[in-house]
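Put together the whole structure using the sequences plus the hints.
Position one of the sequence shown corresponds to residue 8 (the working numbering), numbered consecutively onward.
The hints are all genuine.
Subject to a maximum C-alpha distance of 27 Å in a straight line, what follows is the list of computed BS3-like cross-link-like pairs (lysine-lysine):
hint, residue 1, residue 2
1, Lys-83, Lys-133
2, Lys-133, Lys-24
3, Lys-85, Lys-133
4, Lys-24, Lys-85
5, Lys-83, Lys-24
No wet-lab data here; the hints were simulated from the structure.
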Amino acid sequence: MSTIAANPEITPDDLLKMPDGERYELVDGQLVERNMSLRSSYIGARLSRLIGNFCEEHPLGWVLGADCGYQCFADKPKLVRRPDVSFIRLGRLPGEQLSQGLVRIAPDLAVEVLSPNDLDYETDFKVEEYLRAGVRLVWVVNPESRTILIYRADGSIQGLREPDELSGEDTLPGFRCRVGALFTMPPDA
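Right, here's the structure in full:
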């Protein structure tokens, strides 16, 4: 993730008006480019598809991709985050409508898939911001170590490895996936 050189502050509304705004997060009014590796993008899309397919069969809520921006951080009005995958339970969106623009409520689940250029402290900040905003469950997926760290609203943290099973717990009840299945590449990759 790289920060664009200090320019005049950008507002969340400015970000929405940018033709390529979905490529950026906004941190303290500064653009931060989201650079995902091919592998990270593939894993994020795979997880989004698995959760989406599950929610098609079990209508529990909305599954949103990496271009969805969240401006839900009460103490940071110039912060917009774009988790690689997110989920909002039914009954939480006003009128159950997907509006234009940024989402103003915290997702129930936020997923970050690490890329080689992601810095540990930046990921830690994101997790803290999500939890402070009210996200119930954060999954940090590490393609390099083939592991997932689960952060919960109660402060607990759990690490999972390939043979383990990832669960949606009470946030996405009934969703289960073997961790190793997320890291499986197509046969000719």
